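Using the sequences plus the hints, can you model the full thing?
Protein chains in written order, with this note's numbering: chain W, 2 to 262; chain F, 2 to 262; chain H, 2 to 262; chain E, 2 to 262.
Calculated from the structure, these hints are not laboratory results. None of these values were measured; they are calculated from a predicted model. Keep in mind that the hints are not guaranteed to be accurate.
Copies of one chain are not kept apart here, so a pair can be met inside one copy or by any two copies together.
[Claimed, not checked] Cut-off 27 angstroms, straight-line C-alpha distance, at most; resulting in silico cross-link-like pairs (BS3-like, lysine-lysine):
(1) Lys240 / Lys53
(2) Lys23 / Lys53
(3) Lys5 / Lys53
(4) Lys170 / Lys95
(5) Lys5 / Lys240
(6) Lys240 / Lys170
(7) Lys170 / Lys5
(8) Lys6 / Lys170
(9) Lys6 / Lys240
(10) Lys95 / Lys5
(11) Lys53 / Lys170
(12) Lys6 / Lys53
(13) Lys23 / Lys6
(14) Lys170 / Lys23
Protein chains: 4
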Amino acid sequence: MEEKKALLVVSFGTSFPDTLEKNIAAIERDVSAALPDHVLRRAFTSGMILRKIARRDGVHIDDVPRALARLVAEGFTQVVLQPTHIMNGDEYDKLCGQAAPFTGLLDLRLGTPLLTEAEDYQALARALMDSLPAPGEGEALVFMGHGTGHHANAAYCQLEYVLHDLGWKDALVGTVEGYPGFAEVLRRLSERPHIRAVRLHPLMVVAGDHANNDMAGEEEDSWRAQLEGAGYAVTCTLKGLGEYPAVRSLFARHALVAHDR
Amino acid sequence: MEEKKALLVVSFGTSFPDTLEKNIAAIERDVSAALPDHVLRRAFTSGMILRKIARRDGVHIDDVPRALARLVAEGFTQVVLQPTHIMNGDEYDKLCGQAAPFTGLLDLRLGTPLLTEAEDYQALARALMDSLPAPGEGEALVFMGHGTGHHANAAYCQLEYVLHDLGWKDALVGTVEGYPGFAEVLRRLSERPHIRAVRLHPLMVVAGDHANNDMAGEEEDSWRAQLEGAGYAVTCTLKGLGEYPAVRSLFARHALVAHDR
Amino acid sequence: MEEKKALLVVSFGTSFPDTLEKNIAAIERDVSAALPDHVLRRAFTSGMILRKIARRDGVHIDDVPRALARLVAEGFTQVVLQPTHIMNGDEYDKLCGQAAPFTGLLDLRLGTPLLTEAEDYQALARALMDSLPAPGEGEALVFMGHGTGHHANAAYCQLEYVLHDLGWKDALVGTVEGYPGFAEVLRRLSERPHIRAVRLHPLMVVAGDHANNDMAGEEEDSWRAQLEGAGYAVTCTLKGLGEYPAVRSLFARHALVAHDR
Amino acid sequence: MEEKKALLVVSFGTSFPDTLEKNIAAIERDVSAALPDHVLRRAFTSGMILRKIARRDGVHIDDVPRALARLVAEGFTQVVLQPTHIMNGDEYDKLCGQAAPFTGLLDLRLGTPLLTEAEDYQALARALMDSLPAPGEGEALVFMGHGTGHHANAAYCQLEYVLHDLGWKDALVGTVEGYPGFAEVLRRLSERPHIRAVRLHPLMVVAGDHANNDMAGEEEDSWRAQLEGAGYAVTCTLKGLGEYPAVRSLFARHALVAHDR
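So, in structure tokens, the structure goes:
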């Protein structure tokens with residue numbers, strides 16, 4: 002009997018149709034292209050977003066247990082589960098816990114988050130450097146990540162370290178909720194007296210609420226406003242990581258590694 | 002949000018459409034009538050039977066993991082799982098093992114087999130006594146069960162004990178593969194010198210291969226042939242337990258108890 | 002490095018030093034003799050008895066988790082755990098649950114209760130028949146078991162069945178708390194009008210409270226008193242099963258089977 | 002009944018008696034002082050070191066399963082388990098796996114590694130800054146950590162980030178086996194043209210083989226030798242983190258947090 006194989010791409014989720022298309026669906030397509038004999042499926046982990054989509058659009062999207070249960074019910078026997086998470090944090094821990102009951106029911110191959118091994122940092126840094134214009138004279142790049150209390154939060158410092166290591170000395174990484182925060186970013190900018198302009202980029206798969214408000218918003222406590230208040234010329238790029246083909250190909254690579262392991 | 006509730010009736014299975022209808026489907030209907038707000042679902046545990054049905058009829062029936070996974074996938078949150086098994090034997094142990102991964106995904110309420118508590122034996126004995134003519138003068142009833150190496154096999158002796166206790170002194174219970182076997186039945190008959198005639202009944206949910214061949218077959222080692230060879234007049238009733246409404250109502254009662262527990 | 006091997010004999014327990022010596026310690030010795038290269042250890046499962054012994058005598062006896070933990074702590078790597086339980090009931094289920102966390106820490110080989118497979122009933126019946134005088138003319142033997150609501154309770158009926166099957170037609174089995182109870186025993190006696198005398202025996206490893214009071218007590222609701230009230234001459238034998246070498250050797254055999262499995 | 006409480010301090014281990022005393026035993030003492038009503042116990046996780054000590058000295062030290070089993074066997078009911086690990090890496094994952102079977106047997110309170118939350122990095126950085134002389138004019142500090150393929154390896158970059166953030170701009174962190182490695186350290190030194198001298202410190206609880214050989218060894222591929230080859234004046238401090246009271250107090254604080262959680 003032929004083995005039925007599926008690829009389940011798991012994202013936090015978004016309720017913005019445009020963002021869904023540009024980021025999540027785009028990643029799904031590129032990961033799927035790497036595993037052409039696997040049926041593509043989608044799951045979101047955010048209950049709030051799933052409920053919002055169901056209520057507003059009458060559209061049902063599976064969470065992880067239901068997506069895996071559906072694959073079991075349909076007779077799939079091998080499933081590559083690739084998260085679009087950046088870090089090995091709480092969301093990924095939760096995902097592993099949700100997948101655990103299915104390990105006896107499926108040949109389940111779990112892909113790792115974007116930033117797991119040392120090589121992943123090099124790869125993401127290079128993908129960003131290939132996708133974005135290098136910082137010009139007097140210009141800094143600041144990536145805004147989400148941040149977390151989970152110990153995986155250390156990933157942000159390593160990414161900045163690697164960006165410097167690869168030559169982008171004026172690329173900085175900060176987070177909304179973790180360490181380093183905006184204060185640390187500001188301090189690091191001030192240590193670079195030649196910097197006059199800052200380009201802000203979200204370091205999130207999806208450019209959603211945090212990118213639009215915390216990073217680029219009109220409110221006086223947005224990063225943009227605070228940087229302008231500190232005298233910097235600021236430009237904001239509202240593109241999630243999922244909009245960069247070079248980043249999407251990293252998720253595809255992770256899925257392939259999981260498949261071949 | 003409204004809770005979605007299902008009743009999953011789990012049987013060993015049969016590949017005979019007629020038997021399926023008269024026994025398994027009949028039990029399913031009666032158990033379902035006791036839980037009218039639960040969607041009825043079917044699962045079989047025998048991989049051999051599932052594959053035979055799929056190959057022969059192109060019909061897919063779920064095994065337990067797929068049936069439970071399907072319920073999760075469809076958003077059911079409460080499931081009463083009622084087996085049509087007679088005993089707490091290997092099949093039931095396997096069922097419990099298969100259900101275990103789903104206990105975190107569903108409010109799963111597991112019904113017990115037909116013969117679990119002392120009251121169950123009284124209830125089955127009474128159901129049989131209500132459904133069958135009492136042994137006449139010089140007549141014995143012999144129930145043929147399946148039998149197992151599992152310690153639950155002791156149930157057969159208790160059922161015979163209870164039949165005697167309730168007044169049917171000439172009702173005996175034997176098994177094809179366990180203890181007591183045919184030799185013990187024959188010995189017990191020979192201890193009743195007034196017995197001239199034997200009525201054979203399967204003690205199985207479905208009157209299948211064992212009932213048709215081991216019990217009532219033309220071969221010289223069938224129970225019928227051996228009893229006839231020993232001088233008894235033999236009549237065979239090829240009805241599985243599932244064909245008696247009084248027995249079916251016991252499964253319904255078990256499902257209700259599981260639901261209310 | 003040499004493997005350290007232990008035999009852990011697990012009993013419900015007793016607080017009577019005499020009973021401990023005659024029954025439990027005697028079983029332990031005989032089982033131990035069958036596994037001479039295993040260090041012998043004891044555990045009791047009854048928290049009430051353990052606390053009573055600790056309070057009264059200042060003596061600590063391990064429960065199962067502590068006994069197994071102690072073996073891990075001392076570097077034992079293979080442990081044969083032999084219960085002195087009669088049935089696969091609640092106590093044995095609890096034992097299996099307590100042993101489960103240790104399966105990754107030890108090569109744990111779990112012996113079965115006295116009455117598990119069909120052969121076990123034959124073996125126990127023969128051991129009793131070898132150890133006790135056969136019922137004389139007009140005499141019945143009644144074994145009083147504990148009884149339980151667990152489905153394993155069916156074991157009592159099978160034991161009586163087997164005793165009859167092996168020729169002791171006037172040996173009956175009843176229980177204090179399960180089925181068959183005293184009423185069923187009395188009815189079965191009344192069906193044997195030739196019976197004038199009853200010999201009562203506990204069907205318990207230890208002849209403790211139930212044997213001394215429920216079976217042989219002076220109170221009017223003891224089995225002895227009720228049988229005497231019904232006109233039978235009654236004799237009571239206050240010996241637990243552990244006092245019969247032939248029964249003890251069955252536990253030893255179970256331990257050997259567990260070891261060799 | 003009074004609760005028996007223990008503190009189990011778990012270290013990778015060392016076979017050097019001097020190191021054991023100065024580092025591991027010193028941490029144990031300080032953590033123990035924070036939980037004065039807990040009996041102190043020791044466990045090592047390195048099987049190689051445990052076997053070496055057993056063979057050489059005839060001394061047995063428990064691994065984690067045996068230490069926890071011993072506590073169960075002795076009747077302890079509450080155990081604070083504090084690792085002396087720096088990171089949430091493979092060793093800590095293994096520790097959690099080994100502790101898991103005991104969660105049903107003990108009230109087990111698991112302390113976190115030295116570098117878990119953002120505050121931990123601040124605390125360790127401050128402890129180092131309080132314990133060591135600040136880098137002098139033209140002087141850099143280089144901390145050599147172990148490094149790992151586990152995603153927790155990102156901790157090293159965050160520690161360097163925090164050291165800079167707190168003012169020690171010329172403190173660098175590298176690892177023997179992970180990222181950043183010596184090449185990255187050397188590059189960062191070369192970006193600081195004013196640096197002429199390097200002080201090397203192990204970023205390990207114990208100053209063992211890595212500190213003595215990979216860091217400070219005479220071989221030409223030691224960090225010392227390579228730095229000297231690159232023209233730096235090098236001094237090596239062969240003190241493990243456990244030798245700094247300020248670091249030891251951090252482990253004590255982690256144990257208290259675990260206890261109070």
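Hints and how they fare:
1. Taking identical chains as interchangeable, the C-alpha atoms of Lys240 and Lys53 lie at most 27 angstroms apart only when both belong to the same chain, with a minimum of 23 angstroms there against 54 angstroms between chains.
2. In the homo-oligomer, the alpha carbons of Lys23 and Lys53 lie at most 27 angstroms apart inside one protomer (19 angstroms), although the nearest pairing across protomers, at 47 angstroms, exceeds that limit.
3. In this assembly of identical chains, Lys5 and Lys53 lie within 27 angstroms of each other by CA distance solely across copies; the values are 20 angstroms between and 32 angstroms within a copy.
4. For the identical chains of this complex, Lys170 and Lys95 are neighbours neither inside a copy (35 angstroms) nor across copies (37 angstroms), given an alpha-carbon limit of 27 angstroms.
5. For a Cα distance limit of 27 angstroms, the shortest separation of Lys5 from Lys240 qualifies neither inside one copy, at 35 angstroms, nor across copies, at 40 angstroms.
6. Within a single copy, Lys240 and Lys170 get their C-alpha atoms as close as 22 angstroms, which meets the 27 angstroms cut-off; across copies the closest is 33 angstroms, which misses it.
7. Neither within a single protomer nor between protomers do Lys170 and Lys5 lie at most 27 angstroms apart by alpha-carbon distance, with minima of 48 angstroms and 56 angstroms respectively.
8. Neither within a single protomer nor between protomers do Lys6 and Lys170 lie at most 27 angstroms apart by alpha-carbon distance, with minima of 44 angstroms and 52 angstroms respectively.
9. Taking CA atoms no more than 27 angstroms apart as the test, Lys6 paired with Lys240 passes in neither setting, with 32 angstroms inside one copy and 43 angstroms between copies.
10. Taking the shortest alpha-carbon separations for Lys95 and Lys5, both the intra-copy value of 26 angstroms and the inter-copy value of 25 angstroms come in at or below 27 angstroms.
11. Within a single copy, Lys53 and Lys170 get their C-alpha atoms no closer than 41 angstroms, and across copies no closer than 47 angstroms, so neither meets the 27 angstroms cut-off.
12. Proximity of Lys6 and Lys53 under a CA criterion of 27 angstroms is satisfied inter-copy only: 23 angstroms between copies versus 30 angstroms inside one chain copy.
13. Taking the shortest alpha-carbon separations for Lys23 and Lys6, only the intra-copy value of 26 angstroms comes in at or below 27 angstroms, while the best inter-copy value is 38 angstroms.
14. For the homomeric pair Lys170 and Lys23, neither the shortest alpha-carbon distance inside one copy (30 angstroms) nor that between copies (41 angstroms) is at most 27 angstroms.
The structure fails hints 4, 5, 7, 8, 9, 11, 14 (numbered hints given earlier, in ascending order).
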